[in-house]
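In the order they appear, the protein sequences are chains A and B.
Just so you know, we're using our numbering here: the first sequence kicks off at 5 and counts up by one.
Just so you know, we're using our numbering here: the second sequence kicks off at -1 and counts up by one.
Just so you know, the hints here were simulated from the structure itself, not pulled from any lab data.
Glycine residues also receive a C-beta, built at the ideal position from the N, C-alpha and C atoms.
Which chain A residues face chain B? A few, computed with CB under 10 angstroms, are given here:
no., residue
1, Tyr42
2, Pro73
3, Gly82
4, Ile87
5, Pro234
6, Ala235
7, Ile262
8, Asn284
9, Phe285
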Amino acid sequence: MTKRKTTTPPEKQVSLAVELGPLKMKNPVCTASGTFGYGEEYSRYYDLSKLGAITVKGLSLKPLQGNPPPRICETPSGMLNAIGLQNVGVDEFIHKKLPFLHRYDIKVVANIFGNTIEEYEAVAARLDRAAGVHAIEVNISCPNVKKGGMAFGTDLDSTYDVLKAVRGATGLPVLAKLSPNVTDVVPFAVKAAEAGVDGLSLINTLLGMSINVKTRKPRIANITGGLSGPAIRPVAIRIVYQVHRAVGLPILGMGGIINSDDAIEFILAGATAVSVGTANFVNPTAASDIVDGIKKYMIENDIADIRQLVGKVDIPA
Amino acid sequence: MQATVTSNENIFGSYFHLEVAAKGIGRKAGPGTFYMLKVASGTDPLLRRPISLHRVVSDDAVRFLYKSVGRGTNILGRLVPGDSLDIIGPLGNGFKVGKSVKLAMLVAGGIGVAPLLGLAEHIMKTRTDVTVVAFIGGRSEEDLLAIQEFRELGVRMYLCTEDGSLARCGIVTDTIEEYIKRYAPSGTKGWEMFSCGPKGMLRGVDAIASMHKIKHHASLEANMACGVGACMGCVVSILDRKAGVPVYKKVCDDGPVFDAEDVVW
Ligand SMILES: Cc1cc2nc3c(=O)[nH]c(=O)nc-3n(C[C@H](O)[C@H](O)[C@H](O)COP(=O)(O)OP(=O)(O)OC[C@H]3O[C@@H](n4cnc5c(N)ncnc54)[C@H](O)[C@@H]3O)c2cc1C
Ligand SMILES: Cc1cc2nc3c(=O)[nH]c(=O)nc-3n(C[C@H](O)[C@H](O)[C@H](O)COP(=O)(O)O)c2cc1C
Ligand code: FES
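All chains should be built: construct the whole structure from the sequences, respecting the hints.
The structure is reproduced here in C-alpha cells:
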C-alpha cells in the first residue's frame, strides 16, 4: 500500500530545551524575580507548566516590610519601582509558598538577598535543603551594611566574596544577578566566574528617578528607584552581548522583554535563556505567549534547536 | 480579555461613562471590584489603569464612570463604539455587606461615587432588609455624579458642594454629622459606612465613624502596576490586629476595600 500524501505538512519538531549550567529547562522562558509574586498570582491566567522556570520574589532571612508608598510610577515605556524587597522571608516561603509550586512541571529559581554575607549564606543554606528549589539566583544589588552600605554588586571584592560564600553554602546551581549600575559589567562577570557560579542573570533594574513638576516632589517615596520595562532593553542587550563575548558562563537575559521577538533578540546577543519581568504586569499571559512565539519563530526560520541561536548576532566584518 | 466598547459618553466636564461588552465580564463582578484597562496597545503608556466597576449591565457587559485626569484616561476618552479594549478583571475584594447591616451609609467624594452606585444597586437587589442612604460631595455642581441613577433607585441622598453651586455648601462630613445628630439618638445598631473618595475625606469620615462606633469600609487607591498581587507596588499601611503593628497590605489584592478602623491614615 502506498502512503497517502498529507495535504498539511506535519508540525516541524523543534527543540526548546536549554541548560543554564546544571539547571535544565524545557524551554528558555523564565519569569523575573519580583514580577511574578510566588507564582500563584498568575496561575489563574495559564498553566504555569508551560514555562521553563519561574523566579520568585527576592527572599531574605527574615520577613521584610519594604519601603513606604508610593512605590511605583510609570515612565516612558517603563516604570520605576522601589518596593524595598518586601517579602515573607525564606522560612515562610519554604513552608507556605513553595508547596503550591510542586504541582507544576517547572523549575523553581529562588532569588535571594541580604545585608551581610552571613545572611546570604544562611538563606542559601535553608533553600538548599528545601524540596522543589532547583536553583538560586543571587541578587547582589543590595547595600552591604558592613561596608558602609555600598551595594555588593558595585564592588569587585564584595561581589566575589558574597558569591563565593553562597557557592559554598549550596550544591544547587547558582546564578549571579549582577548590577548594571557600574561602568563596565564585564569585570564583575569575571569575578562571578572566579567565585564558581553556574550562570549570570543580566540585567537587574537601572537606577532612576522621576519628578512630578506640578508638586516638585519625587514621584516615588524612596526618591530613586529601579527602572524596568522596554525602556531599558537596549542597555540590557548591550550588556548581555558584552558579557557573552568576554565570559564563558551561560546567561539568563532580561530587561524589557515584551514579546517573543524581544526574547530572540536577547538570545542572539548571547543569552541562553530569558526572563520576562515587567511585561507580566502589562499582559498576565506574556511569558506563556513568548514560549509560543519563540516556537513559531523557530518553525518559520528553520531552527531545529534554540541553542543554535545563542550569541548568533551577525556582526558585519 | 478583549472587550468591545459599546458606548463612551462624555457626560460633562471631564467625566465619562464607558460601557464595554465581553463574554462573562460582569458575571463575577461584585460591588467595589475593579478592572485593569490597557488604554492603548504598544508600550507607551505601558501600564494598565485601574477603574472600578460602576454598574453591572449584564453578565456580558459592564459600565465604568471615569474622570479624565491624565495621559491614560485622556486616551480612554477617545475610544468610540466598536473599538476593542484589553481588560482584566474583576479584581480585588469589593464591598462586603454583613448580615447584621440594617442601614448602609454610602459616602462618596467626587469620582469616588463610581463603585458606590453599583453597591447601592447590589444592596437594593439582594437585601430588602437594608436601607441605603448616600452622602455625596464634590467640589462643585459638576462633580456631583450619578445623582440621577441614585434617584431612580430610590436612594435617599444628602448632597453638598464645596463652593455651594448645588445643594448645601460644605463637605460630606458635615452632612454625615448632621444625619447622625438627627437619627443616631434612636440607636446606630446595624449602621455601617461604605466610602470612596480622596484620602483626606476618608480620614474625616473615619473619625466620625469611630466616634459613633459605626463600622466603616473604605475603598482606597494606590498606583498600581500588576493589579493581581504580584508586584507589591500598591501597598497601604494597615494595622495587623494580631501583631498590633502596622503592615503593608496590597490595595489590589487585599483591598481595595479595607476596614477603615485598621487603616493607618
Ligand atoms: C482600585 C482603583 C479604582 C479606581 N476606580 C476609578 C474609577 O472608577 N474612575 C476613575 O475615574 N478613576 C478611578 N481610579 C483612579 C484611576 O486609576 C486614575 O485616575 C488613572 O489611573 C489615572 O491615569 P492617567 O494616565 O489618566 O493619569 P496619570 O496621572 O497620567 O497617570 C500616571 C500613572 O499614575 C497612576 N495614577 C494616577 N492617578 C491615580 C490614582 N488616583 N489612582 C491610582 N493610580 C493613579 C496611573 O495609573 C498611571 O500609572 C481608580 C484607582 C484605583 C486604584
Ligand atoms: C516591581 C519589581 C520588583 C522587583 N524585585 C526584584 C527582586 O526582588 N529581586 C531581584 O533580583 N530583581 C527584582 N526586580 C528586577 C527584575 O527581576 C528584572 O531584573 C528587571 O525588572 C528587568 O526586567 P524587565 O524589564 O523585564 O522587568 C524587580 C523588578 C520590578 C519591576
Ligand atoms: S498592583 Fe501589583 S501588587 Fe497590587
